[in-house]
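Line by line, the protein sequences give chains A and B. Take 1 as the starting number for the first sequence in my numbering and just add one per residue. Take 1 as the starting number for the second sequence in my numbering and just add one per residue.
Just so you know, the hints here were simulated from the structure itself, not pulled from any lab data. Every value quoted in this text rests on a predicted model; they were computed, and no experiment measured them. For every residue, glycine included, the Cβ atom is placed at its ideal position computed from N, Cα and C. Do not take every clue at face value.
What the hints assert, rightly or not - Partial chain A-side listing against chain B, Cβ under 8 Å, derived:
id, residue
1, Ser26
2, Ile32
3, Leu40
4, Gly109
5, Val110
Said to hold, decoys possible - 25 Å max Cα-Cα, derived PhoX-like pairs, lysine-lysine:
id, chain 1, residue 1, chain 2, residue 2
6, B, Lys97, A, Lys84
7, B, Lys12, A, Lys84
8, B, Lys64, B, Lys12
9, A, Lys89, B, Lys6
Stated by the list, open to error - Pair ranges (Cβ atoms, derived):
id, chain 1, residue 1, chain 2, residue 2, range
10, B, Leu57, A, Ile87, 25 to 35 Å
11, B, Ser49, A, Lys89, 33 to 43 Å
12, B, Glu88, A, Ile27, 31 to 41 Å
13, A, Ala115, B, Glu88, 23 to 33 Å
14, A, Val101, B, Leu57, 18 to 28 Å
15, B, Ala98, A, Ile31, 21 to 31 Å
16, A, Val20, B, Leu29, 32 to 42 Å
17, A, Thr81, B, Arg53, 13 to 23 Å
18, B, Leu9, A, Val101, 35 to 45 Å
19, B, Leu9, A, Thr81, 10 to 20 Å
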Amino acid sequence: MSQAVLQAKLWYAQRISAMVLGLCVSIHLIIIFYAIRGGLSAEEILGRTQGNIAFAIFYEIFVLACFVHAPIGLANILEETFCKGFISKALSWILAALIIVLGTTAVIGVFTGGAL
Amino acid sequence: MRSRPKLDLRAKTHLSYFAYACHRFSGLLLACFIPLHFLMLSQSLRGASGFERYLGLTDFWVFKFGEWALVILLAIHLVGGIRLIMIEFGPWRGLRKAWTQVAILFGIACGLLFLYLAN
Numbered sequence: 001m002s003q004a005v006l007q008a009k010l011w012y013a014q015r016i017s018a019m020v021l022g023l024c025v026s027i028h029l030i031i032i033f034y035a036i037r038g039g040l041s042a043e044e045i046l047g048r049t050q051g052n053i054a055f056a057i058f059y060e061i062f063v064l065a066c067f068v069h070a071p072i073g074l075a076n077i078l079e080e081t082f083c084k085g086f087i088s089k090a091l092s093w094i095l096a097a098l099i100i101v102l103g104t105t106a107v108i109g110v111f112t113g114g115a116l
Numbered sequence: 001m002r003s004r005p006k007l008d009l010r011a012k013t014h015l016s017y018f019a020y021a022c023h024r025f026s027g028l029l030l031a032c033f034i035p036l037h038f039l040m041l042s043q044s045l046r047g048a049s050g051f052e053r054y055l056g057l058t059d060f061w062v063f064k065f066g067e068w069a070l071v072i073l074l075a076i077h078l079v080g081g082i083r084l085i086m087i088e089f090g091p092w093r094g095l096r097k098a099w100t101q102v103a104i105l106f107g108i109a110c111g112l113l114f115l116y117l118a119n
């Protein structure tokens, strides 16, 4: 794949994931404001999420959209502002791996509440 | 040949450059925060008591300040992102400067709402 085609595909993937994230972040902001009233507690969070398949599916879609969106954005910032080449690619792949692994673990965690 | 034009002071004082800088700054900080946020939430695998112990870390003022700042950055990145998508996918109506102002106002509103609701 030529560099130009790759850049066009990355641009498109980032914009499509941004559209999904726009919806997810709007809903997440509402949940944040609902959840922080009176402080956060583990029981309160797990009470909302444990066994709730709709929450789990929503947050996994959120994680997948972040997995596409954030590393492409990081690579763009690094390449245009700091450094081109290996470092920007490596850091973007590390961020992608962290998001998909930790994000999915977090979704499984709040869905099961540790009862695996 | 440079792939990007060199921007002079006039370009950098344009409102759209401010929107561009805000979007990149907020995006970079959010990208740094997201893995830590997921790491914290994944502690729920330890059960409610184990998760509560890690959540206790968020009582420190530095974490509370961080949460507040990140909600503002998330709000700014959201509206700034909608502006970009409207510029790129919508009918051409200029650089949608009003959306830059909406992003800042929405960020301030979310920051104040967070302070009000979080005691």
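Going through the hints against the structure:
Against a cut-off of 8 Å between C-beta atoms, the interface hint on Ser26(A) holds, since the closest Cβ of chain B lies about 7 Å away. At its closest, the beta carbon of Ile32(A) sits 6 Å from a beta carbon of chain B; the interface hint therefore holds under the 8 Å criterion. Given the 8 Å rule on beta carbons, the hint for Leu40(A) holds: about 6 Å separates it from the nearest Cβ of chain B. Interface hint at Gly109(A): satisfied, since its Cβ lies 4 Å from the closest Cβ of chain B, which is below the 8 Å cut-off.
Hint status for Val110(A) relative to chain B: holds, with the closest Cβ pair at about 5 Å, below 8 Å. For the suggested pair Lys97(B) and Lys84(A), the alpha carbons sit about 31 Å apart, so the restraint of at most 25 Å is broken. Of the supplied pair hints, the one linking Lys12(B) and Lys84(A) holds, its CA atoms being roughly 23 Å apart against a limit of 25 Å. Taking the CA atoms of Lys64(B) and Lys12(B), the gap is near 33 Å; set against the 25 Å cutoff, the hint is violated.
With a CA separation close to 24 Å, the supplied pair Lys89(A) and Lys6(B) stays within the 25 Å bound. The hinted range of 25 to 35 Å is satisfied by Leu57(B) and Ile87(A), whose Cβ atoms lie roughly 31 Å apart. Between Ser49(B) and Lys89(A), the C-beta spacing of about 41 Å keeps the proposed range 33 to 43 Å intact. Distance hint for Glu88(B) and Ile27(A): a CB-CB separation of about 23 Å, inconsistent with the stated range 31 to 41 Å.
The hint said 23 to 33 Å for the Cβ distance between Ala115(A) and Glu88(B), and at roughly 45 Å that hint is violated. Taking the beta carbon of each, Val101(A) and Leu57(B) are about 21 Å apart, inside 18 to 28 Å as hinted. For Ala98(B) paired with Ile31(A), a C-beta distance near 28 Å keeps the hint of 21 to 31 Å intact. A hinted range of 32 to 42 Å is violated for the C-beta pair Val20(A) and Leu29(B), which are about 21 Å apart.
Our hint of 13 to 23 Å for Thr81(A) and Arg53(B) is violated, since their Cβ atoms are close to 39 Å apart. Look at Leu9(B) against Val101(A): about 44 Å separates their beta carbons, and that is inside 35 to 45 Å. Evaluation of the 10 to 20 Å hint for Leu9(B) and Thr81(A) yields a pass: the beta carbon distance comes to about 18 Å.
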